[in-house]
Every structure is written in structure tokens, then in C-alpha cells.
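Colleague: This is what each chain is made of:
Protein chains: 2
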Amino acid sequence: MSEKKDVVIIGAGPAGIQAAIHAVRKKCDVLLLGRIERSALYAAHVENYACVDGVKTGQELLEAGISQVRHFGASLMDDDVLKIHQEADGFSLDLEGGSTVATRTIIFANGTSRKKLKVPGEKEFFGRGVSYCVDCDANFFRNATVAVVGNASAAIDGALTLTGYASKVYLISRNLVASPGLLKKLGESAVESVTGTWVSEIQGDDAVQSLLLEDGDEISLDGLFIELGAKGAMELALEIGIQLDMDTMSHIETNKKTETNVAGVYAAGDITGHPYQMAKAVGEGCVAGLEAANFAKKQKREEDA
Amino acid sequence: MSEKKDVVIIGAGPAGIQAAIHAVRKKCDVLLLGRIERSALYAAHVENYACVDGVKTGQELLEAGISQVRHFGASLMDDDVLKIHQEADGFSLDLEGGSTVATRTIIFANGTSRKKLKVPGEKEFFGRGVSYCVDCDANFFRNATVAVVGNASAAIDGALTLTGYASKVYLISRNLVASPGLLKKLGESAVESVTGTWVSEIQGDDAVQSLLLEDGDEISLDGLFIELGAKGAMELALEIGIQLDMDTMSHIETNKKTETNVAGVYAAGDITGHPYQMAKAVGEGCVAGLEAANFAKKQKREEDA
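From first to last, the protein sequence lines are chains A and B.
To convert, note that position 150 of the first sequence is 162 in our numbering; the numbers rise steadily by one, no gaps.
To convert, note that position 184 of the second sequence is 196 in our numbering; the numbers rise steadily by one, no gaps.
Worth flagging that the hints you see were computed from the coordinates, not collected in a lab.
There may be inaccurate statements among the hints.
You can't tell identical chains apart in this list, so a pair holds if it fits in one copy or across any two.
[Claimed, not checked] Taking lysine to aspartate or glutamate pairs in the EDC-like style, the calculated list, with each CA pair at most 16 Å apart, reads:
#: 1; residue 1: 130; residue 2: 149
#: 2; residue 1: 312; residue 2: 72
#: 3; residue 1: 196; residue 2: 257
#: 4; residue 1: 268; residue 2: 218
#: 5; residue 1: 268; residue 2: 257
#: 6; residue 1: 39; residue 2: 147
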């Protein structure tokens with residue numbers, strides 16, 4: 013086993029990158045685990061990150077971030093964590109590659125995995141008409157025709173939001189379940205609800221052009237929002253007793269300092285909940301990196317004493 | 013008086029810019045008040061903002077941000093708020109230029125004014141050797157000679173932090189006041205404490221080269237950190253009953269949603285407290301912009317009902 017790390021960050025998206033930058037600049041020994049391709053940002057287009065003008069691809073932003081992380085001297089490892097063991101003065105992580113890493117602190121920055129439709133075209137057109145985030149991408153579909161697919165309030169909310177941007181909004185559901193108030197609002201809106209069916213294929217060439225539905229119908233459109241809810245990437249966190257957000261039960265509960273209920277464990281980015289925005293992720297990553305660095309330094313002093 | 017705004021943001025630094033971007037993309041009528049030259053970021057050099065590689069000037073980052081704000085359609089006004097009046101369904105703001113603006117929500121993003129030394133050279137060399145933030149800029153002074161000026165624990169903390177970066181650290185104070193523990197730590201550190209005097213002039217050509225002290229001594233160095241504490245830019249906030257952070261009494265108290273104790277009023281960036289980092293500011297700006305937009309939309313529906 014190598015020297016004990018001060019800070020291990022799980023997840024190389026914007027939250028993890030920002031946490032690594034701040035922790036390593038505090039002269040900590042920092043390991044960033046993961047790869048940028050796993051970040052929800054990777055296939056996205058970003059135009060709303062303050063002080064970065066124009067539209068950038070998630071890939072180019074993340075590559076710039078990794079270059080910063082390397083420049084400041086954090087270690088990077090493309091490996092997965094299999095299991096976390098809590099120990100007397102920190103944690104040890106079993107990695108899929110077979111190695112074990114000891115650390116004084118952990119930052120969970122591994123995002124949420126959006127539930128997938130699992131239909132042909134979903135993967136190919138992600139970022140080219142297929143989106144998992146209305147709040148992030150509605151603005152790209154001004155005056156376009158779009159659909160939302162999903163059965164719960166998240167899908168209805170998404171469709172209602174989109175009516176403020178797109179010229180035509182479909183809501184495709186097998187069986188809508190939501191509050192009477194929300195269903196009433198949907199009924200009064202411009203959304204065209206298509207119920208009792210489901211998306212069976214997403215078609216297009218360079219970008220999405222149409223949907224095939226299970227009942228055989230076809231809808232021509234420019235974008236599909238998949239709103240099936242989010243699955244937390246947090247099984248590891250649960251194993252060491254991290255508390256979830258009681259409202260959603262699918263995010264890690266943190267305070268303003270990004271602390272979880274377990275001392276020395278922090279969380280930042282989508283995994284702590286909405287809004288799923290790059291700016292919110294880097295803001296929490298900044299705080300988590302600085303807080304974890306302070307915690308690790310204090311603990312190291314105690315170990316040395 | 014013009015049409016009522018949904019969101020008025022006070023302060024055109026990174027927090028205000030990010031808040032404007034997110035609120036206007038929610039289809040709100042947004043006014044951003046202020047000018048980038050007033051932001052603490054303006055004269056700074058930034059290398060730690062995730063996914064923006066290399067060293068950028070604060071000026072170029074803020075100009076890019078303003079270009080985004082214009083692109084998405086927020087209004088910009090270079091004016092100061094003289095007074096805020098709380099009304100039945102929002103606020104009205106008297107501006108120095110003589111106009112009045114009505115709004116459903118307010119976001120305070122006007123930073124903190126660092127207390128100034130008020131000596132020759134301070135203004136000229138700000139960003140060229142003179143800094144008000146050890147955490148932000150320590151990394152630029154690796155193996156350099158630096159000084160911190162100040163009389164309280166913030167100055168001692170700053171000097172101790174700098175020993176991890178600079179090769180030589182002076183602490184200049186008239187009369188150090190801090191806890192026995194911190195004074196002991198200072199005594200055991202590599203910091204050279206120069207007490208009973210004060211900085212009378214900062215000298216250099218392109219960048220800082222030396223300090224003149226009141227007792228006539230001169231110190232050759234590369235950087236001076238001015239740590240006199242922060243003066244909140246929040247008189248306006250106090251007038252409408254905004255609660256301060258009880259720990260520092262110089263920041264606005266907010267929760268994770270950036271809400272203050274007054275409904276419809278949010279705060280983001282340095283004005284909510286440490287860390288004084290661009291990433292933390294945009295993270296809070298993002299949340300504040302989205303929360304204020306939601307609040308304004310809800311209120312507008314009530315007004316229309």
C-alpha cells in the first residue's frame with residue numbers, strides 16, 4: 013500500500029476536478045479517481061457556466077479541468093472503488109484494479125446515474141437531441157418540437173417548463189401518476205399528452221429527428237427529454253453509513269460545508285441533489301476540497317503528535 | 013417606473029453574473045446592477061476555476077461573463093442602490109442615478125470590501141504583489157518573500173499558511189491580539205514577526221519590490237498580503253432586516269438554497285462568507301438565480317390570479 017492520501021475524490025466531473033484543484037493547492041496529497049467520460053457533463057453542451065462565453069462541449073471543459081488537476085500535482089487514477097472500509101484514523105478503499113488506497117478523507121463527487129430508457133438511439137443521440145435534464149437544456153430547444161418521456165411528476169414538470177421554450181411539446185407516458193393539481197395544470201397547458209404507449213426507438217441522422225412509439229405511431233421532433241428519475245451512484249456511501257437526503261432519498265445529505273454525517277467524508281455535485289448544474293457542482297467542489305484539506309491536515313498533526 | 017422586474021441582482025462579479033445567467037434562462041426579467049471593475053475578482057489572476065486552464069485575468073473572465081449575460085437577455089445597469097423599500101409584493105430600489113426599480117426578488121451579490129491599508133502603492137500594486145486573500149493567492153508566491161500586515165488572528169493564520177508556500181514570511185503588526193494558542197503556534201513557526209510598527213508605503217516598478225515601515229525600516233519582498241478583516245458591503249441589506257452570520261457578523265446568513273431570512277431576498281458570493289473563491293461564488297449564484305426565478309414566477313402567478 014502506498015503512502016496514505018490526504019484526500020481521495022471519487023468522480024472526475026466538475027465537482028471532483030474543482031475539489032482536487034482546491035485540496036492540492038492546500039498542499040495536500042490528493043488522488044482523483046475516475047474518468048471524465050463518466051461525468052454527465054461529458055456529452056453535454058455548456059453555455060451557462062459563468063465567465064466561459066459561447067458554447068463549449070463538456071469534453072473540452074473536462075479535459076481543461078484535468079489539465080489543471082495535473083498541473084497542480086494531484087494524482088489521477090482511472091479505477092473504480094469496490095468497497096470502502098472505515099478505520100481508526102481514516103478509510104481504506106479497495107479498487108477494482110486490485111490495489112488498496114488509504115486516505116484521511118473522502119469526497120463523493122460521482123454524480124447520479126440518470127435512469128435510462130434502454131431503447132435504440134438513446135446512447136447515440138445523447139447530447140444530440142436526447143437529454144436527461146430539462147433545466148440544463150431547455151434553452152437549446154427554443155421554437156423546436158420536443159417530447160418528454162416519463163410517468164411521474166418529474167416528467168410533467170419538465171413538459172410544462174418546456175412549453176416556455178419549445179413551440180410544441182409532447183408528453184409520452186404509459187400511465188401518468190401525479191397529484192390532481194399537477195394533472196390539472198397539465199390539462200390546461202399546451203402540452204400534448206400521449207398516454208398508454210412508450211418510446212420504442214429514437215431515430216435521426218446527425219441529430220434526433222423522430223420517435224417510434226410502441227403503438228406504431230411516429231412523432232417528428234428535434235429533442236427528447238428522458239425524465240425517469242435519478243438513481244444515486246451511492247451504494248458505496250451507504251455502506252459506510254452516509255445519510256441520504258430525506259426528501260429525495262436518492263442524494264447524499266450535506267450541510268453548507270459539504271460535510272456528510274460521517275466525519276472526514278464530504279460530497280459535492282449532482283450526488284448532493286438539484287440543481288444539476290456545472291456551477292453548483294464546482295461551488296460545492298471548492299468548499300469540499302478546502303474542508304477536506306483542513307480536516308486531513310488536522311488529522312495528520314494528531315497522527316504525528 | 014418601468015415594468016416590475018422578476019429578479020434584481022446587486023453586484024456584477026462572478027456570483028451576480030452566474031445568478032443572472034440562470035435566472036434569465038428561466039425566462040425571467042432580470043436586471044444586473046453594478047460594474048465588473050468593482051468585483052474583487054477584477055484585478056486578480058485566476059488559475060483555480062475548474063475547467064478554465066491556465067492563468068486568466070479577472071478582467072477577461074468578468075468580460076466574458078458580461079457577454080453571456082447580454083447574450084441571454086438580462087438588462088445591465090451601472091448604477092448604485094441608495095435605498096431598498098420593502099413593499100406588499102416585492103421591493104423598490106432607489107438608484108443613485110435617480111431612477112426607481114420595482115422587483116419581485118433581490119439577490120445580494122455585492123461582495124465584501126476588504127479593509128484597506130490606505131498607503132501609497134496599495135492601489136497601484138493590487139494584483140501585482142498586493143493581495144487581500146491568502147487562500148486565493150498563496151500559490152503564486154512559491155519560494156518568494158512575502159509579508160502579511162494585520163493585528164488579529166486573520167493575519168496570523170495568513171502568515172502561517174504562507175510558510176507552506178513562500179521561502180520567507182514576515183508578519184507586520186502594530187500590536188498583535190490573538191489567542192495564546194495561536195500566538196504560540198506563531199512563535200514556533202518560521203514567520204518573522206515585526207511588531208510595533210506598520211506599513212507606510214508599498215514600493216516597486218512593475219510589481220511590488222519593497223515596503224517602507226513607519227519606523228524607517230525597509231523590507232525587500234515580492235508580495236504583501238493585507239489582512240485587516242472584511243467590511244461587509246451590506247448596509248442596504250441591514251436596512252431591510254437581513255440577518256447576519258452570527259459567527260462573523262460581517263456576512264449575510266443564508267441556507268443551502270441561498271435564502272436569507274427575508275422572503276424573496278437571496279445572497280451569493282463573498283457576501284455570504286468564506287471561502288472567497290470564484291467557484292464558490294458561481295455555485296451560490298447558480299442556486300440563487302434559480303431559486304429567485306422560481307419565487308418570482310410563483311409571485312407573478314399570484315399577482316395575476
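Colleague: Hints numbered earlier in the text: which of these fail when held up against the supplied structure?
Modeller: Of the numbered hints, 1, 2, 3 and 4 do not hold.
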